[in-house]
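Q: So the sequence shown is numbered by the working numbering: it starts at 4 and just counts up by one.
Hints should not be assumed to be uniformly reliable.
[Unchecked claim] So the derived label-pair ranges between C-beta atoms look like this:
#1 P156 with K47: 16 to 22 angstroms
#2 D154 with P112: 27 to 33 angstroms
#3 P112 with D24: 17 to 23 angstroms
#4 D59 with R86: 18 to 24 angstroms
[Claimed, not checked] Result set (SDA-like, lysine to any residue): computed pairs, CA atoms no more than 20 angstroms apart in a straight line:
#5 K139 with N97
#6 K16 with Y27
#7 K139 with Y27
#8 K20 with G96
#9 K20 with D82
#10 K30 with P112
#11 K20 with P112
#12 K16 with K30
#13 K139 with P158
If you are wondering where the hints come from, they were derived from the structure by calculation, not from laboratory data.
Just so you know, even glycine gets a beta-carbon here, dropped at the ideal spot from N, CA and C.
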Amino acid sequence: MFYFIYCTWLDPKELAKYSADAVYVTKAVAMNHMIQFRAAGERKDRGWCHLSNSPDARGFETQGLVYMLPEKDSIADFDDFERCFLTVRGDDGNVYDCFTYRLTRPGVPMRPPKYYWQHIPDGARHWGLPADYIAKIEAIYQAALPCPDEDRPIPSP
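Please model the complete structure; the sequences and the hints are all you need to start from.
A: So, in structure tokens, the structure goes:
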């Protein structure tokens, strides 16, 4: 299945934790979708990545990657997230029907912990995403409420 990566899995080391057999296809853009950092529902302990296609996302282009995930890695469920489907335009000129994850109930804008956040700009730079796009993501991050426990340690696997 084609999977659109727009957040922490941009970092190849982070992706490998969840799908060692994922195969890179192309860089891609999700039109009228905006990366956001939000609390999950009413929770106030931290923020997560969210991919919004609400009216405020109109005109925004979320940059990311298309990967082919093996079936066994395409069925993972994560608390507070749902699979959603979208069509993205690849740098190779093709369009791809993909799935990705977004928050089921996006709450207030809130930054994720530093360990989680750092995968995003590090991964974006690794893949050579445009500097102006990385600056937009950083601005969205800075505009969100601070994470109450931003220095929390990385959870054990």
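Q: All the hints need checking, so say for each whether the structure fits it.
A: Checked hints:
In this structure, P156 and K47 meet the distance hint of 16 to 22 angstroms, their C-beta atoms being roughly 19 angstroms apart. Checked against the given bound of 27 to 33 angstroms, the beta carbons of D154 and P112, roughly 20 angstroms apart, lie outside it. The hinted window of 17 to 23 angstroms between P112 and D24 is violated, with their beta carbons roughly 35 angstroms apart. Separated by about 22 angstroms at the C-beta atoms, D59 and R86 satisfy the suggested range of 18 to 24 angstroms.
With a C-alpha separation of about 25 angstroms, the suggested pairing of K139 with N97 is violated against the 20 angstroms cut-off. As the CA atoms of K16 and Y27 are separated by approximately 13 angstroms, the hinted pair is consistent with the 20 angstroms bound. Restraint check for K139 and Y27: not satisfied, since their Cα atoms lie roughly 24 angstroms apart, outside the 20 angstroms limit. Restraint check for K20 and G96: the C-alpha separation of about 29 angstroms exceeds 20 angstroms, so the hint is violated.
For the proposed pair K20 and D82, the alpha carbon gap of about 17 angstroms is at most 20 angstroms, so the pair holds. Distance hint between K30 and P112 is unfulfilled; the C-alpha atoms sit about 27 angstroms from each other, more than 20 angstroms. Between K20 and P112 the alpha-carbon distance is near 27 angstroms, which puts this suggested pair outside the 20 angstroms criterion. Distance restraint check for K16 and K30: the Cα-Cα separation of roughly 17 angstroms lies within the 20 angstroms cut-off, and the hinted pair is therefore satisfied.
Between K139 and P158, the direct Cα distance comes to roughly 28 angstroms. Violation of the 20 angstroms bound is thereby established for this hinted pair.
In summary, the structure is inconsistent with hints 2, 3, 5, 7, 8, 10, 11, 13 from the numbered list given earlier, while agreeing with the others.
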